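S.K.: Just need the whole structure built from these sequences, with the hints factored in.
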Amino acid sequence: ASVSRVVAPVRPELAGPVSLDVVVAEVLRQHGGVQAAQKRMESASRRVTVAGSLQDPMLEIDNYPQVARSPQYQMGRMTNEVMLSQQVPWYGKRDRQACAAQAEVQAARAELQALQLQVKEEAERAWYELFYTQQMLNVVREDQQVLENLLQVAEEARYETGRAGQQEVLRLQAEQATVSAELLRLQQVQQSARAELARLMQISPETPLMPTETLDAAGTPLELEDLYERAIQQRPELQVVLAEINREQQL
Numbered sequence: 028a029s030v031s032r033v034v035a036p037v038r039p040e041l042a043g044p045v046s047l048d049v050v051v052a053e054v055l056r057q058h059g060g061v062q063a064a065q066k067r068m069e070s071a072s073r074r075v076t077v078a079g080s081l082q083d084p085m086l087e088i089d090n091y092p093q094v095a096r097s098p099q100y101q102m103g104r105m106t107n108e109v110m111l112s113q114q115v116p117w118y119g120k121r122d123r124q125a126c127a128a129q130a131e132v133q134a135a136r137a138e139l140q141a142l143q144l145q146v147k148e149e150a151e152r153a154w155y156e157l158f159y160t161q162q163m164l165n166v167v168r169e170d171q172q173v174l175e176n177l178l179q180v181a182e183e184a185r186y187e188t189g190r191a192g193q194q195e196v197l198r199l200q201a202e203q204a205t206v207s208a209e210l211l212r213l214q215q216v217q218q219s220a221r222a223e224l225a226r227l228m229q230i231s232p233e234t235p236l237m238p239t240e241t242l243d244a245a246g247t248p249l250e251l252e253d254l255y256e257r258a259i260q261q262r263p264e265l266q267v268v269l270a271e272i273n274r275e276q277q278l
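Numbering follows this note's numbering, in which position 179 of the sequence shown is assigned residue number 206; successive positions increment by one, without gaps.
No lab work stands behind these hints, which were simulated from the structure alone. This structure is a prediction, so every number in the text was calculated from the model and none was measured. Any given hint might turn out to be false.
[Unchecked claim] Restraint ranges, calculated between C-beta atoms of paired labels, are given here: (1) A204 to L144: 42 to 50 Å; (2) Q215 to Q179: 24 to 32 Å; (3) Q200 to V166: 19 to 27 Å; (4) P84 to P232: 55 to 63 Å; (5) Q145 to E69: 17 to 25 Å; (6) G60 to V180: 21 to 29 Å; (7) G59 to V166: 37 to 45 Å; (8) A42 to D122: 49 to 57 Å; (9) N176 to Q218: 23 to 31 Å; (10) R185 to A222: 43 to 51 Å; (11) V173 to D48: 34 to 42 Å; (12) Q145 to Q179: 50 to 58 Å; (13) D253 to P84: 52 to 60 Å.
We put the CB at the ideal spot given by N, CA and C, even for glycine.
M.R.: Spelled out as structure tokens, the structure:
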């Protein structure tokens with residue numbers, strides 16, 4: 028039996044320079060775990076109203092086709108009987124159930140946020156790896172061009188004026204070979220980084236992804252204390268624990 032493989036599509040609209048925000052948004056949108064966590068939170072939210080409501084009333088209708096077997100009352104025999112019942116819980120129980128359901132929503136929301144942070148971190152790491160490699164490639168290409176110019180000048184000087192010796196030419200050629208090897212290595216790293224980023228975005232590795240040339244550092248805290256405070260406030264794992272404790276207390 029043949030096994031069909033789902034081939035990731037090539038996304039032409041993502042070809043060329045793509046910003047970090049676009050990459051993160053696309054990775055979060057395509058991530059199956061994030062989608063499942065979002066649905067769990069929505070399902071828990073719908074249970075809040077149900078938990079705080081009364082149960083559905085019960086309507087019971089009895090019919091006695093044989094008059095002789097129908098119940099006898101003071102007013103006579105009853106051939107049809109209708110009974111309506113409603114269960115009413117003890118005072119405060121519905122409020123506690125609603126609070127417990129709300130705590131489950133908070134826990135589900137915190138789990139979703141924790142997963143989103145994890146996925147966002149993976150996307151950012153992949154994007155920055157590709158960005159760093161691209162910047163290094165630009166630097167190495169500039170070095171390669173400078174060495175080519177120096178080697179050309181050295182060879183012209185050696186042949187025309189004799190002011191540059193063979194040793195200088197050999198040294199420049201050796202440096203040129205080293206730069207060429209580094210350029211090849213970085214190109215391989217760039218290919219791997221692009222493939223990893225495409226995997227996270229669930230698109231074809233044939234999509235020519237490229238990071239933007241500059242970084243937007245606006246709004247990024249530079250002080251260590253600012254980073255520490257933000258990490259504490261935005262840590263969803265702590266919110267999950269607190270929500271679970273609150274839910275247990277309400278039951």
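S.K.: All hints are to be evaluated individually against the structure, with a verdict given for each.
M.R.: Structure-based check of all given hints:
For A204 and L144, the Cβ-Cβ distance of about 45 Å falls inside the hinted range of 42 to 50 Å, so the restraint holds. Remark: the range hint 24 to 32 Å for Q215 to Q179 is upheld by a beta-carbon distance near 28 Å. Between Q200 and V166 the beta carbon distance is about 20 Å. The supplied range of 19 to 27 Å therefore holds. Between P84 and P232 the beta carbons are some 60 Å apart, a value that agrees with the proposed interval 55 to 63 Å.
Q145 and E69 have their C-beta atoms about 20 Å apart, which keeps the hinted 17 to 25 Å range intact. Taken as a hint, the range 21 to 29 Å is violated for the pair G60 and V180, whose Cβ atoms sit roughly 58 Å apart. Judged by the Cβ atoms, the range 37 to 45 Å given for G59 and V166 holds: they are separated by roughly 38 Å. A beta carbon spacing of about 56 Å between A42 and D122 agrees with the range 49 to 57 Å that was offered as a hint.
Between N176 and Q218 the beta carbon distance is about 28 Å. The supplied range of 23 to 31 Å therefore holds. Under the hint 43 to 51 Å, the C-beta atoms of R185 and A222, about 45 Å apart, fit the expected range. The hinted range of 34 to 42 Å is satisfied by V173 and D48, whose Cβ atoms lie roughly 35 Å apart. Between Q145 and Q179 the CB atoms are about 52 Å apart, so this pair conforms to the stated range of 50 to 58 Å.
Look at D253 against P84: about 57 Å separates their beta carbons, and that is inside 52 to 60 Å.
Violated hints amount to a single one, hint 6; each of the other numbered hints is respected by the structure.
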